[in-house]
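So the chains spell out like this:
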Amino acid sequence: MIEGRTGSFEIVIGLEVHAQVISRAKLFSGAATRFGAEPNTEVSPIDAAFPGMLPVLNKFCVEQAVKTGLALEAEINLESVFERKNYFYPDLPPGYQISQYQNPIVGGGRIILDMPDGSSRAIRITRLHLEQDAGKSLHDQDPRLTFVDLNRAGVALMEIVSEPDLRSAEEVGIYLRKLRAILRALGTSNGNMEEGSMRCDANVSVRRPGAALGTRTEIKNVNSIRFLMQAVDYEARRQIEVVEDGGRVLQETRLFDSARGTTRPMRSKEEAHDYRYFPDPDLVPLVLDREWVEELKRSLPELPDAKKARFVKNYGLSSSDAAFLAGDGASAAYFEATAQGREAKTAANWVMVELLGALNRKGLGIAGSPVSAESLGRLIDLVSEGTISGRIAKEVFAEMIETGADPGSIVKEKGLFQVSDAGVIEEAVDAVLRRETDKVAQYRSGREKLFGYFVGQVMRATEGRANPALVNELLRKKLAG
Amino acid sequence: MSSLTALTLAEARAGLERKEFSARELTEAFLAAMAKARPLNLFITETPERALQMAQACDERRRRGAPLPLDGIPIAVKDLFCTKGILTTAASRILEGFTPSYESTVTEKLWQSGAVLLGKTNCDEFAMGSSTTTSHFGPTLSAWRRAGDNRPLVAGGSSGGSAAAIAAHAALGAIGTDTGGSIRQPASFCGVVGIKPSYGRCSRWGVVAFASSLDHPGPLAKTVRDAAILLSAMAGHDPKDSTSAPLPVADFEAALTGEIKGLKIGIPAEYRVPDMPAEIDALWQSGIAWLSEAGAEAVEISLPMTRYALPAYYIIAPAEASSNLARYDGVRFGLRVEGGSVDEMYELTRAAGFGAEVRRRVLIGTYVLSAGYYEAYYLKAQRVRALVARDFAKAFEKVDLILTPTAPSPAFAVGEKSDDPIAMYLNDVFTVTADLAGLPAISVPAGLSAEGLPLGLQLIGRAFAEETVFRAAEVLEAAAGFHHAPAFLASGEP
Chain A
1 MIEGRTGSFE IVIGLEVHAQ VISRAKLFSG AATRFGAEPN TEVSPIDAAF
51 PGMLPVLNKF CVEQAVKTGL ALEAEINLES VFERKNYFYP DLPPGYQISQ
101 YQNPIVGGGR IILDMPDGSS RAIRITRLHL EQDAGKSLHD QDPRLTFVDL
151 NRAGVALMEI VSEPDLRSAE EVGIYLRKLR AILRALGTSN GNMEEGSMRC
201 DANVSVRRPG AALGTRTEIK NVNSIRFLMQ AVDYEARRQI EVVEDGGRVL
251 QETRLFDSAR GTTRPMRSKE EAHDYRYFPD PDLVPLVLDR EWVEELKRSL
301 PELPDAKKAR FVKNYGLSSS DAAFLAGDGA SAAYFEATAQ GREAKTAANW
351 VMVELLGALN RKGLGIAGSP VSAESLGRLI DLVSEGTISG RIAKEVFAEM
401 IETGADPGSI VKEKGLFQVS DAGVIEEAVD AVLRRETDKV AQYRSGREKL
451 FGYFVGQVMR ATEGRANPAL VNELLRKKLA G
Chain B
1 MSSLTALTLA EARAGLERKE FSARELTEAF LAAMAKARPL NLFITETPER
51 ALQMAQACDE RRRRGAPLPL DGIPIAVKDL FCTKGILTTA ASRILEGFTP
101 SYESTVTEKL WQSGAVLLGK TNCDEFAMGS STTTSHFGPT LSAWRRAGDN
151 RPLVAGGSSG GSAAAIAAHA ALGAIGTDTG GSIRQPASFC GVVGIKPSYG
201 RCSRWGVVAF ASSLDHPGPL AKTVRDAAIL LSAMAGHDPK DSTSAPLPVA
251 DFEAALTGEI KGLKIGIPAE YRVPDMPAEI DALWQSGIAW LSEAGAEAVE
301 ISLPMTRYAL PAYYIIAPAE ASSNLARYDG VRFGLRVEGG SVDEMYELTR
351 AAGFGAEVRR RVLIGTYVLS AGYYEAYYLK AQRVRALVAR DFAKAFEKVD
401 LILTPTAPSP AFAVGEKSDD PIAMYLNDVF TVTADLAGLP AISVPAGLSA
451 EGLPLGLQLI GRAFAEETVF RAAEVLEAAA GFHHAPAFLA SGEP
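Chains as they are written, first to last, in the numbering used here: chain A, 1 to 481; chain B, 1 to 494.
Honestly, the hints are just simulated from the structure, not real lab data.
Cβ atoms here follow ideal geometry from the backbone N, Cα and C, with glycine treated the same way.
Straight-line Cα separation of at most 30 Å, DSSO-like style, residue types lysine-lysine; simulated pairs: (1) B:240 with A:59; (2) B:240 with A:85; (3) A:313 with A:345; (4) A:136 with B:240; (5) A:178 with A:345; (6) A:345 with A:412; (7) A:136 with A:59; (8) A:136 with B:84; (9) B:84 with B:240; (10) B:380 with A:85; (11) B:109 with A:59; (12) A:394 with A:412; (13) A:178 with A:313; (14) A:345 with A:394; (15) A:85 with A:136; (16) A:136 with A:178.
Label-pair ranges, simulated between beta-carbon atoms: (17) B:87 with A:137: 22 to 32 Å; (18) A:142 with B:84: 27 to 37 Å; (19) A:364 with B:379: 53 to 63 Å; (20) A:402 with B:341: 51 to 61 Å; (21) B:338 with A:196: 30 to 40 Å.
Covered by chain B, per the in silico footprint, the following chain A stretches (three or more residues, Cβ under 8 Å): (22) 43 to 50; (23) 55 to 63; (24) 81 to 90; (25) 93 to 101; (26) 282 to 288.
Throw the hints in and build the complete structure from the sequences for me.
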């Protein structure tokens, strides 16, 4: 819900995600698909639509699409049809894109959103279909000329369309992260919006609660989840303003301007196509074997939802912590390695709060972490064994994240061992009590909350290394004394 | 040596085997005949150097005692087949200067069998036409003339250059493509044999596309046997063409047993069209009689959807063409006419590069696929197509082959029908049905019209039953005894 001047509005959002399929070869040609290759080096005559060239379907891409469909709990259509979507553009060599229109390979499915409060919400998937990517037009290489790079032309895409079930920018973010987690768990797409291996268009409309659907606009040209959330928010507020001013929302395509954080209408010339879809006569209908599909289903890896359930059940994590960790394959694997033989909740806390926090500040991902799961595990062990205190552990960790050094050696080198020698601690306690005679008197006359102050002073005197339990015990005894 | 070009392919093959002449001598004879036939405009590109080079290699193989099945046989290739390193135009200005870096599967198979490339033959632009008059390189003229009338006649089309080259003895065999009749109708006009095999029998990879679901590569030759030899070399499954049939290819020549006793020949009532000349109907009756005498049984059949086939064809073929020809945009190859914007470049390039007939079909095709018309035109045409196929399937429950005339008329004069596209389209009325249904169909020269022009009869078979088609066609050929020579040859063969 968004509050307008005249009351509240509901935002209704449906997403169309284009996810590049992980495959060595393109959807209909044998050309390679490496990201970042020199322009026009990964182009076959088929991709460049030379006369007489014919498409041959890459079975591996089909397998990837079916796996994705299965992971979205969707129906797999055993017969689907490739059609031509006809339009002229220099980076579309044949003058048509081979796509699926009336009979997609995957039908209705769903994605479960893990909401921050630990609840879940199902978003319906309308369909998933396979299609070719276009090449790239480079307008910024020359003041007068447009350059065309066909490396991407013909690369397989999965278009994943949701029903208009999303209700906020926040849900859009959760949906996209969840979808990305599923694609990455399957290995069917990198789902990287910044690199363009995942792209997303959003259909946005607003309505009064309970009213019929409003007119939608389509937002294109957004290259990160954060920007898309921004774009959806902006667009919803813009539409509400239009409605509240007595205007009418136009059905149109709008482009997101990330510099301004706004959307603007696409020039009408940029759309208004009659695509003249018809079945591609160079291809035969795609017929799948039911047994093959079943086999793929049995071979699916553990998916985020199952992983989350297992984390709750086996590790006793809260639903939201489990969802958070299961939502990213690398984090989940790191957590499991760290939790191996240790207290799982402690491990989860270390991973989620300290590790991911630190990595985030350094702009690193789990894969680039200077601290390995084994190393973090040893740090946790040092605390549980009583070798260092929790406070010292954080200092040690800060060192580890900078240098990648082993926690044991840091502790040794810096002499950070916890002091559990009662004699040493007693000396420190006595020194503090001798110094703070006033406060001791106050405490003894009833100001018991000064206890924490004495603990702090002792810890300070021991450079934080004193065993906190022993400090407590001795202080209590002496103050009572 | 003077009669080398008069040989059939099978005779030439035997002569080469017996070393009566070399591949080089045979090729030289044809190169000379091609030079002499230049007034007919048979070839867009002659490849004499390549031909001699290839012939040389054939002779060397033969000397080593390891000849290939077609070693030394000089053939002509419709300029719709991409040939590596050799200009390939589809008879269109839009492919100006286009030299493929790849070889079509069908031609590659022929070279692997030892055939020798004489050149690339003229055809209608993008194979769109029935007269080889829409070519950017001018019309091909038939070797034939009407008796007592020296006006030049069309060779038929779209594979007119290939058909006329055989008739003019400028090639021993040729390959063409048939989308609505483009092999069989020119074969009929030129008095040669042409077969359109089953859809999927010959790979379309490397063939400039006109209408993908209808384009059939196939051979043209002097005799049924020659056509069988060529088709055996051309056919076969190609994983590069998703519509290619994964079926083994028989030795079609071995199917020519001369034995057709007991074969049931269907005679479809619907092919007796109102305006058909009596002489064509009479020839059809002769065909029935010849096959009956050889032991086959003629059976009246009905193909009720026949009258809807031609309109359906002229929706489906342009629809596919409008999309297939979108790639000719001036961006990557062929002609480019610069413009102020990319859209203007498209418009200027395509306006200058495509001829009137191609533009007409691209417009028709774009129209029938447009929103609001798709169901009424394209989808309905596809339903008709399915019904045409069902007609044939039903008929083939009762008969083994179907006999019809190939075309409703003999060759006409250049320019005679060029102002009336509908009259031109009617040329395909007997041939489009087999294209729509993907069935093998052959045209065999069977007689002369009153004006002395060749007329062909067509045999249509079950899908992938080319052997039966060839067997009956050879019987028909023998009975018809067509041994007439065109005026061009009568005027003095070298």
